[in-house]
Amino acid sequence: MTILANILVIFFISVGLIFIAVTAIGLFRLPDLYTRAHAASKSSTLGVMCILLGVFFHFWLNEGHFNPGILLGILFLFITGPVGAHIMSRSSYLAGVKPWKGTVRDDLKEEFERMKKEQGIK
Amino acid sequence: MIYFIWTAIVIIALSMVALLYRVVKGPTPSDRVIALDSLGITLICLVALFTILVETSFFLEIILLLAILSFIGTIAFSKFIEKGDIITRDDSR
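As given, the protein sequences belong to chains A and B, one line each in that order.
Going by the working numbering, the first sequence wraps up at 122, each residue one higher than the last.
Going by the working numbering, the second sequence wraps up at 1093, each residue one higher than the last.
Read the hints as simulated data drawn from the structure, not as lab findings.
Hints are supplied without guarantee of correctness; some may be wrong.
[Claimed, not checked] SDA-like mimics (lysine to any residue), calculated; alpha carbons at most 20 Å apart, straight line:
1. B/1083 with A/83
2. B/1083 with A/86
3. B/1083 with A/91
4. A/42 with A/15
5. B/1083 with A/94
6. B/1025 with A/29
7. B/1025 with A/28
8. A/98 with A/109
9. A/98 with B/1082
10. B/1079 with A/97
11. B/1083 with A/119
12. A/98 with B/1079
All values reported here derive from a predicted model rather than from experimental measurement.
Extracted from the complex, chain A is given alone in its bound form:
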C-alpha cells in the first residue's frame, strides 16, 4: 500500500516538475511579452496544481491526515492564475507594448482604435 502511495506521489510531483521546467524554458526563450504570458500562465498553473496534488496525497496516504487547506490552495490557484495573466497582458497592450515582429494578425488593434475614436481620447 505504501509503495502504491509513493508511486502516486512521485508521478504527480514528476509531472509538476516537468511543467515548471517548461515554464522556465518558455520565459527564457520566447520572443515577446504575450507568448511569455501564454507560457507562464498555463504551464505554471498546471505544474503547481500537480505538485500540490502530490503533496496532498503524501499527507493523506502516508501520514494519515486529510488536509483540506491544500485543496483550497489548488482551487484558488486554478481560478486566479489565468485571470492574473489575462489582466497583465491586457494592461500591457493598453500601455503600448508591441507584439513580436512575426505576428500575422492583431484583432485587438482595430477594436482599440475604434474605442479611442468613440471616446475621443488622445
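Assemble the complex: chain A is given as a structure, and chain B must be docked to it using the hints.
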C-alpha cells in the same frame, strides 16, 4: 523518496534561476511582473516540497497565503501599468 524530493528541489531552484534572468533582463516592466508571478508560484512549489522533507504540516497554511499575496500583487501592478494609479478616487471616474 528523500533523494527524489531533493532532486525536485534542485530542478525547481534551477528554473527559479531562469526566471530571475527574465526579471533582470526583461525589456518592459510587464515582463518583470509576469516573471515575478511565476517566481511566486515556484516558491509555492518549494514550500510544498520542503513540507514533505521536514515531515510536518505546519507550513501548509503558507501555500494559500503565498497564492493570495501573489495574485494581489499582480492585480495591483497591472492596474498601475494600465491607469497610472492603483486605487482610483470616486470623482476621477
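| task | For the pair we were handed, residue 42 of chain A and residue 15 of chain A, check the Cα-Cα distance against 20 Å. | result | With a Cα-Cα distance of about 14 Å, the restraint between residue 42 of chain A and residue 15 of chain A holds, given a limit of 20 Å.
| residue 1083 of chain B paired with residue 83 of chain A [C-alpha distance capped at 20 Å] | holds (18 Å)
| message | Just to be careful, I want the Cα atoms of residue 98 of chain A and residue 1082 of chain B compared with a cutoff of 20 Å; is the pair within it? | response | holds (15 Å)
| message | For residue 1025 of chain B and residue 28 of chain A, compute the direct alpha-carbon distance and say whether it is at most 20 Å. | response | holds (10 Å)
| message | Hint check: residue 1083 of chain B vs residue 119 of chain A, CA-CA at most 20 Å. Holds or violated? | response | With Cα atoms ~16 Å apart, residue 1083 of chain B and residue 119 of chain A stay inside 20 Å; holds.
| Is residue 98 of chain A within 20 Å of residue 109 of chain A, Cα to Cα? | Roughly 11 Å between the alpha carbons, so the hint for residue 98 of chain A and residue 109 of chain A holds.
| 20 Å Cα cutoff - pair residue 1025 of chain B, residue 29 of chain A | Since the Cα atoms of residue 1025 of chain B and residue 29 of chain A sit roughly 12 Å apart, the hinted pair holds (cutoff 20 Å).
| task | Quickly compare the C-alpha distance for residue 1083 of chain B and residue 91 of chain A to 20 Å and report which way the hint goes. | result | holds (8 Å)
| message | residue 98 of chain A and residue 1079 of chain B were given as a pair; does the straight-line alpha-carbon distance stay at or below 20 Å? | response | Holds, because 19 Å separates the two Cα atoms, which is no more than 20 Å.
| Are residue 1079 of chain B and residue 97 of chain A close enough, with their CA atoms no more than 20 Å apart? | holds (15 Å)
| message | Between the alpha carbons of residue 1083 of chain B and residue 86 of chain A, is the straight-line distance 20 Å or under? | response | holds (16 Å)
| Has the given pair, residue 1083 of chain B with residue 94 of chain A, been kept, meaning a C-alpha gap of at most 20 Å? | holds (9 Å)
In this structure, none of the earlier numbered hints is contradicted; all agree with it.
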